[in-house]
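Given only the sequences and the hints, what does the whole structure look like? Please build it.
Note that the protein sequences, when read in sequence, are chains A and B. Residues 894 to 1310 in this note's numbering are what the first sequence lists, from first letter to last. Residues 40 to 203 in this note's numbering are what the second sequence lists, from first letter to last.
FYI, nobody ran anything at the bench for these hints, they're computed from the structure. Keep in mind that a hint or two might mislead.
[To be verified] Taking CB as the label site, the calculated pair distances span: (1) B:Gly114 x A:Gln1055: 54 to 60 Å; (2) B:Gln155 x A:Ala966: 44 to 50 Å; (3) B:Lys192 x A:Asn962: 53 to 59 Å.
[As the list claims (entries may be wrong)] Derived coverage of chain B by chain A (criterion: at least 3 residues anywhere in the stretch with Cβ under 8 Å from a Cβ of chain A; other residues may be distant): (4) 112-121; (5) 190-197.
[To be verified] The calculated lysine-lysine pairs, modelled on DSS-like cross-linking and capped at a C-alpha distance of 27 Å, are: (6) B:Lys86 x B:Lys170; (7) A:Lys1043 x B:Lys86; (8) A:Lys1130 x A:Lys909; (9) A:Lys970 x B:Lys72; (10) A:Lys945 x A:Lys1226; (11) B:Lys72 x A:Lys945; (12) B:Lys71 x A:Lys935; (13) A:Lys1207 x A:Lys1226; (14) B:Lys192 x A:Lys945; (15) A:Lys935 x B:Lys67; (16) A:Lys1043 x B:Lys192; (17) A:Lys1139 x A:Lys909; (18) B:Lys195 x A:Lys947; (19) B:Lys78 x B:Lys42; (20) B:Lys45 x B:Lys170; (21) A:Lys935 x B:Lys45; (22) A:Lys935 x B:Lys72.
C-beta: ideal position from N, C-alpha, C; glycine also.
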Amino acid sequence: MGTMIEELFSNRAGRKVEAGEIVLLELDYIMSHDNTTPLAIKAFREIGKPIKDKNKIVIHFDHAYPAPNLQAAENQKMILDFIKANDIHNFFHQGICHQVMIEEGFVAPGRLIIGGDSHSNTYGAFGAFATGFGSTEIGMAWATGKTWFKTPETILINITGQAPRGVFAKDVMLSIVGQMGMDGATYMSVEFAGSYIDQLPMHERIIFPNISTEVGAKCGLIVPDQVTLDFLAHSTKLNTPYQVIKPDHPVYEKIIEVDVSNLEPQVACHPDVDHVKTLGEIENLPIDEVFIGTCTNGRYEDLEVAASILKGRKVHPFTRTIITPASAIVYQKALDNGLIDIFLEAGCTIGVVGCGACIGRHGGLLAPGERAFTTMNRNFIGRMGSAEAEIYLGSPAAAAATAIEGKITDPRRYLEV
Amino acid sequence: MGKAWKFGENLNTDEIIPARFNLTIDEKELAKKAFCEVKPSFAPEVKSGDVIVALDNFGCGSSREHATIAIKGAGVACVIAASYARIFFRNAINIGLPILESPEAAAAIQEGDEVQVDPASGMIRDLTIGKTFQARPLPPFVLQIAAAGGIVKFLKDHDLEELL
Chain A
894 MGTMIEELFS NRAGRKVEAG EIVLLELDYI MSHDNTTPLA IKAFREIGKP IKDKNKIVIH
954 FDHAYPAPNL QAAENQKMIL DFIKANDIHN FFHQGICHQV MIEEGFVAPG RLIIGGDSHS
1014 NTYGAFGAFA TGFGSTEIGM AWATGKTWFK TPETILINIT GQAPRGVFAK DVMLSIVGQM
1074 GMDGATYMSV EFAGSYIDQL PMHERIIFPN ISTEVGAKCG LIVPDQVTLD FLAHSTKLNT
1134 PYQVIKPDHP VYEKIIEVDV SNLEPQVACH PDVDHVKTLG EIENLPIDEV FIGTCTNGRY
1194 EDLEVAASIL KGRKVHPFTR TIITPASAIV YQKALDNGLI DIFLEAGCTI GVVGCGACIG
1254 RHGGLLAPGE RAFTTMNRNF IGRMGSAEAE IYLGSPAAAA ATAIEGKITD PRRYLEV
Chain B
40 MGKAWKFGEN LNTDEIIPAR FNLTIDEKEL AKKAFCEVKP SFAPEVKSGD VIVALDNFGC
100 GSSREHATIA IKGAGVACVI AASYARIFFR NAINIGLPIL ESPEAAAAIQ EGDEVQVDPA
160 SGMIRDLTIG KTFQARPLPP FVLQIAAAGG IVKFLKDHDL EELL
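Okay, here's the thing in structure tokens:
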């Protein structure tokens, strides 16, 4: 008996675990990337113990790859030397860590994964426990194969209703963040459920755990169903056994009911993710850069909806529009199906796969006084360059419509009925 | 004893140190960019033994440990906040940055106040306003890591199992 997180931890611990308990648990995978691995290596070396199981280590180059400057190049060489010296096989440089973790089959129901990246919560969309940690803890887990967790209490967010045309999972989640605030679920597990979630495809479900980080959640979880299992079977390389874990007579700390039936497109406004307004409230605000990509909204279907709006149209001449596919697989599919042609003809710039402009280290930086509309999950001051720039967050459809008009634009005007 | 540097609520990791400065792992280099955009006077003027005082949800956002290291590298003796974001709290304990939780102290202490802190006992004294505060004790489990000076130092002499 327990919430999803209590069941996941109980299953791994081999005994009943309840919220509040501190447990030491064996991990399935320990993920890190070019930004967080150098410090993990430093901590690991200081601990001075051998790697417990190298097959659990997964390292990605995505935050700034290929290296845009000498310092990044030196960091990546240092990581590569470590990978070679320790014969680590799970090394990837074909896209955003969270997308590649899913594509390559590391993510599966029931698994326990920690990542040296705060958006590691993403894998909860598949019924895995996953959370972000700092680098020292990653280095520690390389040496121990496990780590400690305080079992969190759970908030259930029950989402019902049919979203109107032009309203996407991104809009729903931004609206939830606006209601909950940036510390609305600090230290908590958040379960996303309800008839709205049930009918969503995986690329839309992923949005909820991914952005659960922005309300302070330790993890965001969705109970696996046939949609999950079909996706894993057909759209990933997963070929190892896993166990589906579900809540069993759960007792929740809090239940939040959300009805999406009358929701409008939402935008998180400068300078906080919980500063959420309906798009209508800030329509026509001039935009200097549109960026479509990231671990939140850089998947094929995100590019597809953007392309459906941009097809046969041109982006505004003074709104540089950057499209960054989340992974090589996404990029390839977008090429095969003509999406890249549509973007190029519309005047967009295609970025190299990875995190791209999201952290202001790999192109697309904002100058003082500039304003960006992006599909990212974070709009903190200075994130994309100047501290005097502004970042607005919304859906890929809203971003594409905004790119055409050069000002924040309601995507419903461009979406076919 | 040191001077208090006061911050508001929801201060995020990009405000502690923007991502574009996270290419180095050198604590002194990171310290030079600490709070560079929200409080440009911090890095040039901070002195060893100063304290950071902040309202709710300090350190929200990224998992980047550079944020805690930049603060430690600046010589900050202790961070006092009304509450912390999850990963920041854990990172601070892991790297041995003293950290206390006290909504009362966080509200009362103002920028520039002379503050005396004993991280081990949780005693916080604001000499400027003449008030003493007792921070919430750290959970015993976490205290063991903090007492060792961080998880790396703990693991040099112990196994993780000994924490439980």
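Here is what the structure says about each hint:
Distance hint check for B:Gly114 and A:Gln1055: the Cβ-Cβ separation is about 56 Å, which falls inside the suggested range of 54 to 60 Å. One distance hint, 44 to 50 Å for the beta-carbon pair B:Gln155 and A:Ala966, holds here, with the actual separation near 46 Å. A hinted range of 53 to 59 Å is violated for the C-beta pair B:Lys192 and A:Asn962, which are about 33 Å apart. Residues of the stretch 112-121 of chain B with a Cβ under 8 Å from some Cβ of chain A number 0, which does not satisfy the need for three, so the listed coverage is violated.
Given as covered by chain A, the stretch 190-197 of chain B passes the check, having 4 residues with a CB less than 8 Å from a CB of that chain where 3 are the minimum. With a C-alpha separation of about 22 Å, the suggested pair B:Lys86 and B:Lys170 falls inside the 27 Å cut-off, and the hint holds. In summary, the hint linking A:Lys1043 to B:Lys86 is not supported, as the alpha carbons are separated by about 35 Å, beyond the 27 Å threshold. Proposed proximity of A:Lys1130 and A:Lys909 is contradicted: the alpha carbons are some 32 Å apart, above 27 Å.
For the hint linking A:Lys970 to B:Lys72, the alpha-carbon distance of about 24 Å falls within 27 Å, and the restraint holds. Distance check on the hinted pair: A:Lys945 and A:Lys1226 sit about 37 Å apart at the alpha-carbon level, beyond 27 Å; violated. Proposed proximity of B:Lys72 and A:Lys945 is contradicted: the alpha carbons are some 36 Å apart, above 27 Å. With a CA separation close to 20 Å, the supplied pair B:Lys71 and A:Lys935 stays within the 27 Å bound.
Taking the CA atoms of A:Lys1207 and A:Lys1226, the gap is about 22 Å. The hint holds against a cut of 27 Å. Distance check on the hinted pair: B:Lys192 and A:Lys945 sit about 18 Å apart at the alpha-carbon level, within 27 Å; holds. Of the pairs offered as hints, the one joining A:Lys935 and B:Lys67 holds, with about 16 Å between alpha carbons and a cut-off of 27 Å not exceeded. At roughly 21 Å between alpha-carbon atoms, A:Lys1043 and B:Lys192 fall within 27 Å of each other, so this suggested pair holds.
A threshold of 27 Å between alpha carbons decides the hint, and for A:Lys1139 with A:Lys909 the separation of about 14 Å falls inside it, so the pair holds. Distance restraint check for B:Lys195 and A:Lys947: the Cα-Cα separation of roughly 20 Å lies within the 27 Å cut-off, and the hinted pair is therefore satisfied. A threshold of 27 Å between alpha carbons decides the hint, and for B:Lys78 with B:Lys42 the separation of about 15 Å falls inside it, so the pair holds. The suggested pairing of B:Lys45 with B:Lys170 holds, with an alpha-carbon distance near 17 Å, which does not exceed 27 Å.
Pair hint A:Lys935 plus B:Lys45 does not hold up; C-alpha atoms about 31 Å apart against a cutoff of 27 Å. About 21 Å separates the Cα atoms of A:Lys935 and B:Lys72, which keeps this hinted pair within 27 Å; it holds.
Violated hints, in rising order: 3, 4, 7, 8, 10, 11, 21; the structure is consistent with all others.
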